[in-house]
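The listed protein sequences derive, respectively, from chains H and P.
Counting from 479, one number per residue, gives the positions in the first sequence under our numbering.
Counting from 380, one number per residue, gives the positions in the second sequence under our numbering.
Derived from the structure by calculation, the hints contain no laboratory data.
Possibly wrong hints are sitting among the right ones.
When the alpha-carbon atoms are kept at most 20 Å apart in a straight line, the in silico DMTMM-like pairs for lysine to aspartate or glutamate are as follows [stated by the list, open to error]: (1) K609(H) x E629(H); (2) K526(H) x E1128(P); (3) K959(P) x E629(H).
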Amino acid sequence: MQGGSSGIGYGLKYQILKFCLHTQARCISDVKADTDHTSFLTGTLSLKEENEVHLLRLSSGGTELICEGLFSHPNEIWDLSSCPFDQRIFSTVFSTGESYGAAIWQIPELYGQLNSPQLELIAALDAHVGKINCVLWWSSGRHDKLVSIDEENIFLWSLDCSNKNAQVQSKQSSGMLHYLSGGAWDPHDVNAVAATCESSVQFWDLRSMGKTNSIEHAHVRNVDYDTKKKHLLVTAADESGIHLWDLRMLKAPIQELPGHTHWTWAVCCNPEYDGFILSAGTDSTVNLWLVSTSNHDELPSESLVESPNQRANSLLNSYSDYEDSVYGLAWSSREPWIFASLSYDGRVVVESVKPFLSRK
Amino acid sequence: MSGDEVPLDEKARRMRDLLSSFYGPDPSMSPNPPSKFAPLDAINSNSFNADHYLNLLIHKSSLEGLLQRHVGMAAEIKNLDTDLQMLVYENYNKFISATDAIKRMNSNIMGMESNMEQLLEKIKTVQSRSDGVNTSLFEKREHIEKLHLTRNLLRKVQFIYDLPARLGKCIKSEAYADAVRFYTGAMPIFKAYGDSSFQDCKRASEEAIAIIIKNLQGKLFSDSESIQARAEAAMLLKQLDFPVDSLKEKLFEKLEQSLGDLQLKDEDISRCLLMSNDPSKLENHPESVAATVHEASVQEFVEAVRAYRVIFPDSDKQLIKLAQELVTKNFETGEQYGKKRIRAADLLAVLRMIWKEVLLMDEVLHESVLSEFSLEAVQITVKHHVASRFSHLLHDISDALTKVYVGQKEGMEEFPLQVALGASKKAVLQGSMDILLDFRQLLDDDLELLVKLRESILNWVQEGFQDFFRELHGRFLLLSGRNNSSGQVHGVVEGTQGDRILASLVLVLAQLSVFIEQTAIQRITEEIAASFAGGGIRLYENGPAFVPGEICRSFRSAGEKLLHHYINLRNQRISVLLRKRFTTPNWVKHKEPREVHMFVDLLLQELEAIKKEVKQVLPQGLLRRHQRNDSNGSTNSSRSNPLREGKLSRTNTQKARSQLLETHLAKLFKQKVEIFTKVECTQESVITTIVKFSLKSLQEFVRHQTFNRSGFQQIQLDIQYLRTPLKEAAEDEAAIDFLLDEVSVAAAERCLDPIPLEQPILDKLIQAKLTKSLSQSAVSS
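One chain only, chain P, in its complex shape:
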């Protein structure tokens, strides 16, 4: 309350309160309702208790404070007195002036009554005079009016007689509007009296009007006339009760005809593209003929439509239909074009062209909702375009891959696999990047249509990638799988060539899968995140769009599977080799070994071929291997490592003991982990696995036979010879050693009389073989 008030206003406020309490109807309505607990300074309230106030003041304040209060209060009282005096004086003043005014009013009113009476008399005389004038002029006026009527009639008759001539004049001056106005004015008269009095006149004017109609029609159809003129003509014709509808149809047909010329044709597109492709040209001739031809015709069409619309205002529906037809057709052309293999920029150019037309037409035909209509059409077009881009990419990659076939068959290049892998890698990465770049153009373009489609495009692109990789994955499996079933038939029929190429294709596919998993997906994800993020909101509603994790997973498994498939295919070939070796001779009646059997050469050749392939395609081991072990933590491989080392020392210490016991013991510890470790996508791992597998196969074949001493010795010799090159080829020497020993053990077990060859003879035979193969390679090189 008072505490809130500004202290300077204290005085004014009190004044106001006092005044209001004096004039106010009810003291209780005052802003400070009286209360027992009114503050000390509520000296103005009605319930002010002077004793109480004083008591409080004396109790609370010091002497100095009381004195101060006293001074203040005295000053206030003085002020209040002055104020009161002022008020009384002012009131008195006002009262005096009011009495003066009343006095003056009284004296003015005194003379008014006599003036009013004079006025009344004068008005009465004026009225009587005017009545007199009126009656005296009445007769003459009637006569004049009659004369005027006759004159008008005569003028009309004159007009009708003059009409033909006037019409003729109008025709001459091409003032058809006037002519029609005249004619229609005269019409009622012709209708009433045309058959009798004005026969000649009517005939003459009808002739004139016929000419006018003809002229008007000509005007209507002539393109050279301005639209206004044509519209006027149409209106005049209508006024003349001429059947306009037939004219309308005629004109409409004409429009439809021109529509045919308007449709986008391939040449238009290519011309337009030529321009957009060649910016320098664009700069030199900004209004070059090529682009403008089509545009001009559209412009023309639009003008025609506008005219038509002005001429026949009730024809919107037909026109809209017409325009929509045109737009549909153009978009169809665009869509067809979009399905072709083009860059987004080209598509953009085409779309832009179409959109320009649409805008032009939209200007004329607002009701046609052409823009929405074309939005839908563009949606379809762009969607198709996206889809077609992806399918083209898929084709590209397949093409790059099938080059493995062609390249190998022709045997032209030195490293066909490497080339194929490089090409397909490039196809995948570059292709995807190109696509993204293209789509980005679509996104970045400010074409109104596409801006609206932004969200959808984002989603399409993401979905597109997802589907694309899914399809690619399927394609990979198909390439390796289908060829597999037919390859087996081939293998029988066609022999080795088909198998080998398939195997290398599978290898390339495997490595490509790894590449996609490790590099391509990442790049694409980054790219998408950079420029295609944002479709995210709708993404969840429509189900998952681009899920790199899922694709990575599927490609990882595909990579592993394909790698296994490759190893399997290779092993099949080696198995065939070994099977031939072991099923043909009669091992029980084997002759004494004279030299290392030639199957060893074949085996080594095969391994050499594999090595060559693998070297072209797969990465070197060491570095990557560690990465993988770290990241994957596969139990299999990590478990095998310590065991492998343990085995090494074990073999060293136990070398002295009998071979058989050693291998049996060794078997207890590690055979399984040793041989069938997880295959990794490296040269070494793959080769080692293949070597291991082929030795295992060898062992199985050996176990299936029964040998005599010479047979056993032959095996021993072959194995001894194989030992060095195999160990060189494979990284896991211990395992290879072990497996080779296993083969020897198996042969010994299956031998009736296992007496091994003596070391010197063994050495001699191997030496002989070595020199022979050396000289052979010398001859061949």
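For reference, chain H alone in the conformation it holds in the complex:
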């Protein structure tokens, strides 16, 4: 409700935009390669019905959220990410209920007609056995490699889009008793990937396919690298909120944010504005945080006894316009003050944080 009023305060241009997928959904991704429009891709999660991938586009005036394309997808989509250098390519992780799969898709060139045109399959990432968690693209430029993570293994693929071919370049098991749950690719280092598992966050070097380091921190649900600041990693853990880490000092977080009332599901660093962090939680809210990360030298113990006021101040806004847990969250890279969020009931909410930018 708060977001709504502030949106109106800044004119029609930044009002809340909503779009309903009418089925459950978990994932939304910014189409980074689309430089002309602010677009998002979402995939539905329906076990028993038809699943679709929606291409949503913000109209040029920013007043409407339009469904530009609707493509049927063979299975329910657990993860979706857009290719950072080609707006028509994206990856999905899907499940048939009994087994998992991952694939790279291309949106057909002529998708003007909205009657569920078929997606073109570029490559199936079919070397996985167990439950696949995510497919990662390197966000900082054209890179022909992909990383996919399933519960037990981490794969490095080399992708050849023109030949519609993906080859496993290397593969490494995460080790006994380490069930991976997700990950993120360091935008500053093409060889570094962070993978989350039950009790820690592991850092992988893709050249040697080995673990380089780890953060011993339980139940990390989501990680995100700051694209602006090197060495800054944000993690969201179920109960214990959000932590900011300096990759050079992994013993203790440099800052803690209380997170959400229930689990904190996803975190996202703003691609442009320093210190703006979004988090989504199962308490049906999206929180916007502002953290000052400049004081890296701050002792970790200080953050523990930090006064509650300071912490409260770092929460800029709580968007509560949702009716179910929010799982999907993405900043727009084209208009970095805009973010899209997706709650489980299939509702996409696009909002602007422009009113808060001045706080910085």
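Position chain P relative to chain H; hints supplied.
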């Protein structure tokens, strides 16, 4: 003017005016300057116009008035005539007597001249006679004078010859002063003729003087002699040109030595305390040995100093230094003592002791400004004492809290949390009260030093409390926070035990924060207001001292935070439980449900443990809850209440409809407000929140899986079983119902073939589980 005057004086005044106008040099100087507008009765003025007066009178007055006026005026005129007559008569009288006097003077002077001439002649003859006598006696007088001179010289020579013997006699009778006087009298002669005529005499007397010097030295150093005697000795020695400085130094060394014995030692203190602690003893032996030992020595020292000062009057500086040294050392001892864990009364006793000494010394050495000096020292001591009291209190509270650990690990007591909470509450309140009481003693004491420090003490106490609570707040966060980061490592390494204890500690801390906020601060504020008010003026200059509002705020937020932390910790454990449950089996290939899964037992056990903890620590809901709602008016909770009721009726009416539609609709209205209401510091609220959170977690876990029909049925069965105990545990039945339904819905959504178990089978399985758990509890009990 005339109106102001008393009418009785009218006549006298007029007389005076008339007289003055007659004798006065200038009529214009008269007190009533003539004016045209003089009042009617200004009959005495120079400018009196009889016609005008009469006119006015006739115009103004009635006939009766005129007649009256006439009578009055006639009487006045008569009076004036008599007065005038009297004056003339008196003047005449005086004139006659004056002429008589002049006549008498004239006749007296006539015979004086001849008498004077006779006198002159007589004086002349007297003078000539006296001149004659003078000349005749002159020669004889000169002779006598010569003889007298010789006699004096002879007497001196005799004295010098007698000197040794006389000195010897003096030594015998110890009349050193006389001896020295004699000797110094003879000195010039010895100096002039010592080498020739009086050689023997000089030697003999020098020997005698040597003895005297020796004796005097002995006298100087002997403590048994009276101070006067010693001072005299020193003076005599000085007169004898004896090098006194070396003696002075010697004596000073002696003083310094005695200083070492004088310093306060712990035994002294403890002895002194023993006495002050035991008033009965004090009464029985008011001059008991213990206290007086030290005092006596101080007395001695003071006496010595006094003597020294008398003996060597120019030695103040050294003495002052010495005394200051002593006082410094004593105060240091006192300060050390003050840092120890003692009561203010003890400190007071020690301070009093020191102060007594200071006063004693101050008597002797006024210039040493010992009192100011010791004021500073006392300031430091008391400040340290205040600070140390607070740090001890902090320790006490921490100790009481850490007992939660110990108590739980040993598992000795039945309600370790309750005990710990009680102990720490007591530590906070009783400790603060004790401190206040102690400080009050400091304040109420009439010791001069402390009276001067009153203001500062007030401020220190207030500041002390402020800092203390700030520190306590930090300590709380640290206790919960630091253990948190290490606890996570523990949780992995050590397993459940560490986590659980931490959680209960956090719970105790949370409740303690609430207690501090609601009770302790208030009590302390009252107490401070009652007996420590007054530091207020300086308070603003030095920045805020004790600000209860600020502390309340910080503790309120700390309480809430800790409570949340507790809930979080508990939920983490439940999450681990649920995660294990949901990640281990392959749900797609689940077998048909045969019984309620045992994770339900674990969950209920966990809840039971929480309930036990919470019951020990947190207050019962209802009553307090209302208070809080009223006072706080939190939008969250107040908003949720009507909705909750609305939901109840809604669920009842819509029961018939399909479950899914109902929950979807219901979701629209209240899910958010329902589940994530504000947590309150009551048993019910906390348990309900935890139950809600764990059900929400359950839902999230379910949503992450895909089930086959049997898996779905298993979930359905488990949920059905959970329904009753959970509703019993939590107060918000509607929300629990709703969440349980949500879990079922989520499972149905994630199921490939969601066909629920039939009711009879469901009932049967649940019944089986119930009897099994019953029998189990029977066996265990």
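Now for the hints, and whether the structure bears them out:
1. K609(H) x E629(H): This hinted pair holds, its Cα atoms lying about 6 Å apart.
2. K526(H) x E1128(P): holds, 8 Å
3. K959(P) x E629(H): holds, 15 Å
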